[in-house]
Structure formats: structure tokens, C-alpha cells
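Asks: Each position in the sequence shown, counted from 1, maps to that position plus 144 in the numbering used here.
Please keep in mind that the hints were generated in silico from the structure rather than gathered at the bench.
Straight line, CA to CA, 30 Å or less: simulated DSS-like cross-link-like pairs of lysine-lysine: (1) K213 / K274; (2) K248 / K274; (3) K248 / K213; (4) K248 / K276.
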Amino acid sequence: MRIGFGYDSHRFDGARPLVLGGVRIPDHPGLRGHSDGDAIAHAVTDALLGAAALGDIGRHFPPSEARWKDADSMELLARAVELIGESNFRVCNLDVTVITEQPKIAPNVQGMVARLSEVLGTAPDAISVKGKTNEGMGWIGSGEGMAVHAVALLEREGGDDARRVP
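Starting from the given sequences, assemble the full structure and let the hints guide the process.
Replies: Here it is in C-alpha cells:
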């Protein structure tokens, strides 16, 4: 079993649509970023890659490469799932916390869980997405942007024993 932790944060950008966990959220500014700015997808991608010791999102999808400009972050996540699969890992469960004052996350959780389940190949009841506020404190509390934390548990087919150093 392997545990990975992912984090992402972005400033709000009124010129972009808001996409979180593959779900477009209406009536709220989007997130600034090289791809579509989906902070949930980015944090989850980092959690998966980290758990499998495969680096991070910037290593596999560098913002210096034009091909990732405005990319669908759920496609990047799908590629990360392929990469961990090549190392014989599968996702056991995922826990995501979105920290933002607005928008409220709860009304969109079901759609986010469904999209994440589809991309990860994991049952919806093994995926948690929840929202928290920053109680008005700091840059998140003042409404400048949001942050996302993700924790993923991976299991290697056949166990991890073959990778242990004697």
C-alpha cells in the first residue's frame, strides 16, 4: 500500500470558466493556470504520482510546453492513472478537501465524485470530496483563490514486497 499527498492552489480569473473535478461550475470565476486550472484534478494527479514515486504533475505535464496550454486536466489525470497502472498500482481510495470561501462545494460533490470515479476506475464510495472555508483568513479567506488537498491510497498488484530493499 502507498499513500500520496497532493496540493494545488490557484488565483481566481474572471476570464475563465470554473472547472473542479471535471465539473463546470456556473456563475463563478475560473482559476488561473496553464491548463484549464482544475485544482482538484491537479492535486489528485500529484497524489497519485507521489504515491507511486513517479514525480509530480510538473514533471509529466510541464507548463513550459505549449501542448499543455488550456489542456483538460481530467485528461492529464487519466494519463497519470495510466502511468501508475504501468507500475501495477490501482487506486483504493481518494480523499479531497477544497478550501475556498466561494463557491460552495457541496452542491457539486456528486458530479465530481462521478467524474473522478470514471477517470480513476474506482468505485464512487471510495472517493470523498468536501469543501471547507478559511474562515475569512488569508488570501483564500479574502476570496483571491482556492487551494485543494488530496490524499490517495494505492495498492500494487501482488504487493510491494518485490520493491523492498533488503
